[in-house]
Amino acid sequence: MKNAKKIAIAAVVTGTLFAATACSGASGGDDGGSEAASLRYWLWDSNQLPSYEQCIADFTAANPEIDVQIEQVGWNDYFETLTTSLVGGDAPDVITNHASFYPELATSGSLLELDDVDVDLESFRDGLAERWIGEDGKRYGLPKDWDTVATLFNTDYLTEAGYTPEDLNNLDWNPDDGGTWEETIAHLTVDANGVRGDEAGFDKNNVAVYGLGLKAKSGIGAFGQTQWSPYALSNDWSYADQNTFGTEFNYADEKYIETIEWWSGLIEKGYMPGYEAAISGTSIQEAYGAGRYALVTDGSWNAKAYFGMTGVETGIAPLPVGPSGDRAGVMNGLADSVIAGTEHPEASKKLVAYLATADCQDIVAEAAVVFPAVQSSSDKAREAFSDAGIDVSVYYDAFDAGEYVEAPIANNWSSILAIMEPAVEAVLLGQGDENTLKQAADQVNQLFP
Numbered sequence: 001m002k003n004a005k006k007i008a009i010a011a012v013v014t015g016t017l018f019a020a021t022a023c024s025g026a027s028g029g030d031d032g033g034s035e036a037a038s039l040r041y042w043l044w045d046s047n048q049l050p051s052y053e054q055c056i057a058d059f060t061a062a063n064p065e066i067d068v069q070i071e072q073v074g075w076n077d078y079f080e081t082l083t084t085s086l087v088g089g090d091a092p093d094v095i096t097n098h099a100s101f102y103p104e105l106a107t108s109g110s111l112l113e114l115d116d117v118d119v120d121l122e123s124f125r126d127g128l129a130e131r132w133i134g135e136d137g138k139r140y141g142l143p144k145d146w147d148t149v150a151t152l153f154n155t156d157y158l159t160e161a162g163y164t165p166e167d168l169n170n171l172d173w174n175p176d177d178g179g180t181w182e183e184t185i186a187h188l189t190v191d192a193n194g195v196r197g198d199e200a201g202f203d204k205n206n207v208a209v210y211g212l213g214l215k216a217k218s219g220i221g222a223f224g225q226t227q228w229s230p231y232a233l234s235n236d237w238s239y240a241d242q243n244t245f246g247t248e249f250n251y252a253d254e255k256y257i258e259t260i261e262w263w264s265g266l267i268e269k270g271y272m273p274g275y276e277a278a279i280s281g282t283s284i285q286e287a288y289g290a291g292r293y294a295l296v297t298d299g300s301w302n303a304k305a306y307f308g309m310t311g312v313e314t315g316i317a318p319l320p321v322g323p324s325g326d327r328a329g330v331m332n333g334l335a336d337s338v339i340a341g342t343e344h345p346e347a348s349k350k351l352v353a354y355l356a357t358a359d360c361q362d363i364v365a366e367a368a369v370v371f372p373a374v375q376s377s378s379d380k381a382r383e384a385f386s387d388a389g390i391d392v393s394v395y396y397d398a399f400d401a402g403e404y405v406e407a408p409i410a411n412n413w414s415s416i417l418a419i420m421e422p423a424v425e426a427v428l429l430g431q432g433d434e435n436t437l438k439q440a441a442d443q444v445n446q447l448f449p
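FYI, the numbering used here numbers position 75 of the sequence shown as 75, with every residue one higher than the one before it.
Because the hints were derived from the structure by calculation, they are not lab data. This one's a predicted model, so the numbers in the text were calculated from it and none came from an experiment.
As a list, the in silico PhoX-like pairs of lysine-lysine whose alpha-carbon atoms are at most 25 Å apart: (1) Lys204 with Lys269; (2) Lys269 with Lys217; (3) Lys438 with Lys255.
So the derived label-pair ranges between C-beta atoms look like this: (4) Phe245 with Val87: 19 to 29 Å; (5) Pro64 with Glu166: 53 to 63 Å; (6) Glu286 with Asn243: 25 to 35 Å; (7) Asn170 with Asp442: 30 to 40 Å; (8) Glu313 with Ala252: 34 to 44 Å; (9) Glu366 with Asp176: 39 to 49 Å; (10) Thr155 with Lys438: 40 to 50 Å; (11) Lys217 with Asp156: 27 to 37 Å; (12) Gly162 with Asp203: 17 to 27 Å; (13) Asn170 with Met309: 23 to 33 Å; (14) Glu383 with Asp203: 38 to 48 Å.
Ideal Cβ placement from N, Cα and C applies to all residues, glycine included.
Please construct the entire structure, taking both the sequences and the accompanying hints into account.
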């Protein structure tokens, strides 16, 4: 575990793999809800840290017998670091949790059941509370936010290419020729000589502006939330035989394979950067801000990062419609959970109950960073984004119209990620093919005897 910097913050590295045990910082106890308690709360998003510092300040002011230390643990190694802390007996009491990862923690006995926590489940946006009911029928998280995926675009590049923002509202995609979506990406791509990707003489090896950006890692193999999922999910494909708790995954399905082949083929055509560039250390937001990308697909939790960039004006548009006739980005959401081994279960439950109220989520809403799970707070977040000059209607519209597929909730998710990531990366690097994906798919399904 990396060194933590404590003020109310601990900066640590992150990862994906974990096979958690029920070990924790101490053996479970009962603080009775009134004895003094010192809690540690983990989250991964530094952009939300100020909001939660205020939430914690308000909570401890109302509950002076409880002290809470916030530790910010970066996303890339969050669950790997959590596993290390569980095994080493140094786990936090309360964590920000991810829908795809919590089943492993619940199955291993590492999460406390929250069915007895007094919280208004009707206050959350439709469907969010149900996502945190485990395979055993018990609740393991209280919703904190939700997200969808959309297209973000450089308005100057759009204008220079002869498009209007409205032109992006009705694009279609297919795995054969890419549809009007690929046509648009090609035309927005410009080489160093000013030749567009759909014009004669285009030099794909000397590109100045790529039509579509590429985000590395971040579940790129199994999840593809901001990468390939909008295409595969609108191509009549699903992650598994069922969601939630699927046991047969569809990574060998022809719909998935043809989607990955089309998407990775954008690199060969020069319309999307090579994967070497994506993993070079420059984030997709940094490359976009530097003028390297005309379009990106990214989640609502990152939307604010694209606004306020020097010399770049940004807009938000819907995802393309796929062969299914629908748009289908991933909808996900986070929750707060209590580690089963906490010495202070009642104080920890009191904290997660507060974090799930409008009192805290209104504070989060005002920061205009994410969309809170509480419906009234979510409405306030939309207004806060608007007040900041950011129209996030596309993200909200996708949720309201049901133009999404819920993020997979499954056992063995970290192992699935570990298998699929190198397989998809190999394809992107030109070192893998259909057989690579099918072999990985077989390994995934062997996880479920």
